[in-house]
Structures are given as C-alpha cells and as structure tokens.
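Trainee: Here are the chains, one letter per residue:
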Amino acid sequence: FMQRSLDSQTKKQLEEEEKKIISEEHWYLDLPDLKEKESFIIEERSFMPCEDLLYGRMSFKGFNPEIEKLMVQMNSKSKKEEMEVDDKMEADVSDEEMARRYETLVGTIGKKFLKKRDQRVLQDEDEDENSNTRPSKAKKMFLKPQD
Amino acid sequence: VMAARGVPAEACVGQLVLPGDVLLLPAHPDEDGERLRLGAGAARRGRLLCGPGLRRGGAGLTVTKCGLLRHRPAGGGSGGGAFWVDSQQKRYVPVKGDHVIGIVTAKTGDLFKVDVGGSEQASLSYLAFEGATKRNRPNVQVGDLIYGQFLVANKDMEPELVCIDSSGRASGMGVIGQDGFLFKVSLGLIRKLLAPKCEIIQELSQLYPFELVLGMNGRIWVKAKTVQQTLIIVNILEACEYMTAEQRKQALAKLSAN
Chain A
1 FMQRSLDSQT KKQLEEEEKK IISEEHWYLD LPDLKEKESF IIEERSFMPC
51 EDLLYGRMSF KGFNPEIEKL MVQMNSKSKK EEMEVDDKME ADVSDEEMAR
101 RYETLVGTIG KKFLKKRDQR VLQDEDEDEN SNTRPSKAKK MFLKPQD
Chain B
1 VMAARGVPAE ACVGQLVLPG DVLLLPAHPD EDGERLRLGA GAARRGRLLC
51 GPGLRRGGAG LTVTKCGLLR HRPAGGGSGG GAFWVDSQQK RYVPVKGDHV
101 IGIVTAKTGD LFKVDVGGSE QASLSYLAFE GATKRNRPNV QVGDLIYGQF
151 LVANKDMEPE LVCIDSSGRA SGMGVIGQDG FLFKVSLGLI RKLLAPKCEI
201 IQELSQLYPF ELVLGMNGRI WVKAKTVQQT LIIVNILEAC EYMTAEQRKQ
251 ALAKLSAN
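For the record, the sequence lines run as chains A and B. First residue of the first sequence? That's 1 in this note's numbering, and the numbers climb one at a time after it. First residue of the second sequence? That's 1 in this note's numbering, and the numbers climb one at a time after it.
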C-alpha cells in the first residue's frame, strides 16, 4: 500500500506491529506439541473393532448356500491364518511338472503352425533315419507329451 | 470447576460407570521423557482404542454414556487394547462402517432414500451396487429391504449407504430377497447375537433351516420355510432379551419336542 508518504517513525511503528503479530503467531506453534502427546489413543464410535462382531448375514442348515459360503469367508477374514493355508493348497500341479509339460507342449504345437516348406524339411530329416511310413504316421497321429 | 479425581481405568472394568467419570490410564514412563521422542514412543506403546461411550480428555478418558466398562487386553491380531462402555439403547445413531438393514422409501432419479431408523434418512446411489452402470440399473423398488454399510455417517452430513465394499464386490450386501419377516430389537441384543460363539444363535441353528440378517440399527430379518417356523424364531429372538439362559433352553426344548 502507499509507502511513498511514510515517515521513518510510522515505518518503525508498522514494523513493531508486524513483530507483535508474528510473535502472536509463534504462540500457536506450541499447541500442536500438546496434541501430539495423546496420539496413541484412537477414538472410535463403532462397536465392530471393539467386540470383534461376526458378519450380519447368516444362514443355517443349508437354507441359503451362498450365504453359508459367505459366512465362512467373512468370518475367516478376521483369522487370517486360514487364508494362508488355503493359498498353499490350491496348486494341484507342482511347478516342476508344469515346466516339463510346457517344454514338450511348445514343440508339438509349434509344428502345427509351420509353413509347408518347413514341414517338408522336417519330414526329410525324419526320412534319413526312418522309413517312409513312420514319419507319415507320426505326422497324422497326435503326439502325447512325454512324462 | 471441581477437579474430579480420576479412577484407574482397569479398576472399573465390568462395573457401572456414569457420564462425567474420569478414567486414568496406566502411566507410561515415556511421557516424562523429551517431547522429541514421542514419535518413536507411540509406536512402541501400541494404539489404545477408545470406543463408544468414551472420549479422550485431559488426563485420561471421560465417560459419556452410562453402562458397564469393558476392556479388551492388547492382543497380537487385533492391535492394542481397547476400552468401551457397554450401554443399552433402542435408538440407532448412524456410524461409519456399520452394516444396517434399511427400507427404501423413495426413488428419485439417481438416488434412493432409505430409512435406517436414525434421525434422518440415508441416501443410496444407484451406482453403489455390484455391477451397476448407468445403463445397467439395479432392480430396486420402493419398499424393498436393503442390507448395506455406511460410507458417510457423522452429525454434520446426511448419512450415505453403499451396497458394495472397498474392493467393489457385494459380499452379501444389496437387496434382501422376497418373503421373510422384519422386526426391531434393542441395539444391545444385536451385539449380543453378533458376538462370536453366541449361544442363542447356536441353539436356534439346531432347530430347522432358516436365514437371518442382523442390522446394527436394531433390525432383524428372518426367513424360514414356513410362516409358522419364521414366527417362532421371531418370538424367541424378541423374548431373548429378557429371558435367562435356563428359560430359553426350556422354551427351545418344548419346541424341538413338538
């Protein structure tokens, strides 16, 4: 605002007022320290975390099978141990078996998509070792992945 | 102001407390240390849950409702210890996260008005259902029963219900099916029924197949195969509040004999 007509005295007065305002602001900084002291108490208005209540929808003796599945699921969420056990049980095929099968599978299915020239090349390679009938039989029959 | 002497909180557990009582928490040695260490100190102590009926104040906790003081000691799974007041009331006050049964009273464009038994009606958006889009609207009519949870519930704003959880799945929420019977009980009975290993529910489940939905707002919905069976369950649940365990077992024994 208009600073041209200010005298040195009024300038000093203004500075003092500003300092007073700043010092008042400094007071406010003390209060947050007090509040931090009580941060370990959490206020909660719901009963759910206090009493570990069950899920509200229930079904008994198979009246509603979907709700019964839900009951098992929701009530075991609070006990997370069961969930971890379930994850381990789900794998029917072990990782090693999967890798072996995938290896052979890629080869057999890959042959299906070869162009005719490449298929003839493969056939010639087979003929060098075996008779004519065998490669034709091998081509027609489905090759099972070897265990 | 008269300085009321506080009583140590752990001495009052299981006893009647009245509004205005001050409960002192066990003193921690860290409080006298430097303020700079508060950050690390709070993590070590574990959080203390100050439940319904209690407020943080001054030296400790101030009681705001009359009832019995309950305490849950600090355990591994559920975090730090908790204190709360077990009080009895019939009037429900919406709380965020509570699952309630509501009755649809109005359908205005994109919003449903649902009566949950509180001081004002809650709003429910048509998009707050699993698999709902602007074109695929949920089939909700006026008068339907809804099982949902509060997304917003405080004294300054209108409560909002949703029928979807944080991952977007319904997990049992939504419109409750046809038939069945809806009735109201006190809030304390609902909490007793929802407690893990509730004897009443276990005994009832032996009788015959039925379905039950319990809302934290005091509303219970029951459905069994016949009207008579439904009404029997309703009568037992209503009477449970004032019957002792002995009387209840006698009543159930008579029923299973019939």
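Just so you know, the hints here were simulated from the structure itself, not pulled from any lab data. It cannot be assumed that every hint is accurate.
[As the list claims (entries may be wrong)] Here are the computed lysine-lysine pairs in the BS3-like style, where the Cα-Cα straight-line distance is at most 30 Å:
1) Lys225(B) x Lys61(A)
2) Lys249(B) x Lys90(B)
3) Lys184(B) x Lys77(A)
4) Lys12(A) x Lys184(B)
5) Lys249(B) x Lys61(A)
6) Lys96(B) x Lys77(A)
7) Lys69(A) x Lys65(B)
8) Lys155(B) x Lys69(A)
9) Lys77(A) x Lys192(B)
10) Lys19(A) x Lys90(B)
11) Lys249(B) x Lys69(A)
12) Lys61(A) x Lys113(B)
13) Lys61(A) x Lys134(B)
Quick caveat, the model's predicted, so the values are computed rather than measured.
Trainee: If a hint holds in the structure, say so; if it doesn't, say that too.
Mentor: Here is how each hint holds up against the structure:
Of the pairs offered as hints, the one joining Lys225(B) and Lys61(A) holds, with about 12 Å between alpha carbons and a cut-off of 30 Å not exceeded. Between Lys249(B) and Lys90(B) the CA atoms are separated by roughly 26 Å; this keeps the pair inside 30 Å, and the hint holds. For the hint linking Lys184(B) to Lys77(A), the alpha-carbon distance of about 28 Å falls within 30 Å, and the restraint holds. With a CA separation close to 73 Å, the supplied pair Lys12(A) and Lys184(B) exceeds the 30 Å bound.
As the CA atoms of Lys249(B) and Lys61(A) are separated by approximately 20 Å, the hinted pair is consistent with the 30 Å bound. Among the hinted pairs, Lys96(B) with Lys77(A) is consistent with the structure: their alpha-carbon atoms are about 20 Å apart, no more than 30 Å. For the suggested pair Lys69(A) and Lys65(B), the alpha carbons sit about 38 Å apart, so the restraint of at most 30 Å is broken. Pair hint Lys155(B) plus Lys69(A) does not hold up; C-alpha atoms about 36 Å apart against a cutoff of 30 Å.
A hinted pair counts as satisfied when its Cα atoms are at most 30 Å apart, and Lys77(A) with Lys192(B) qualifies at roughly 20 Å. Taking the CA atoms of Lys19(A) and Lys90(B), the gap is about 57 Å. The hint is violated against a cut of 30 Å. This hinted pair checks out: Lys249(B) and Lys69(A) have alpha carbons roughly 29 Å apart, not beyond 30 Å. In summary, the hint linking Lys61(A) to Lys113(B) is not supported, as the alpha carbons are separated by about 35 Å, beyond the 30 Å threshold.
This hinted pair does not check out: Lys61(A) and Lys134(B) have alpha carbons roughly 38 Å apart, beyond 30 Å.
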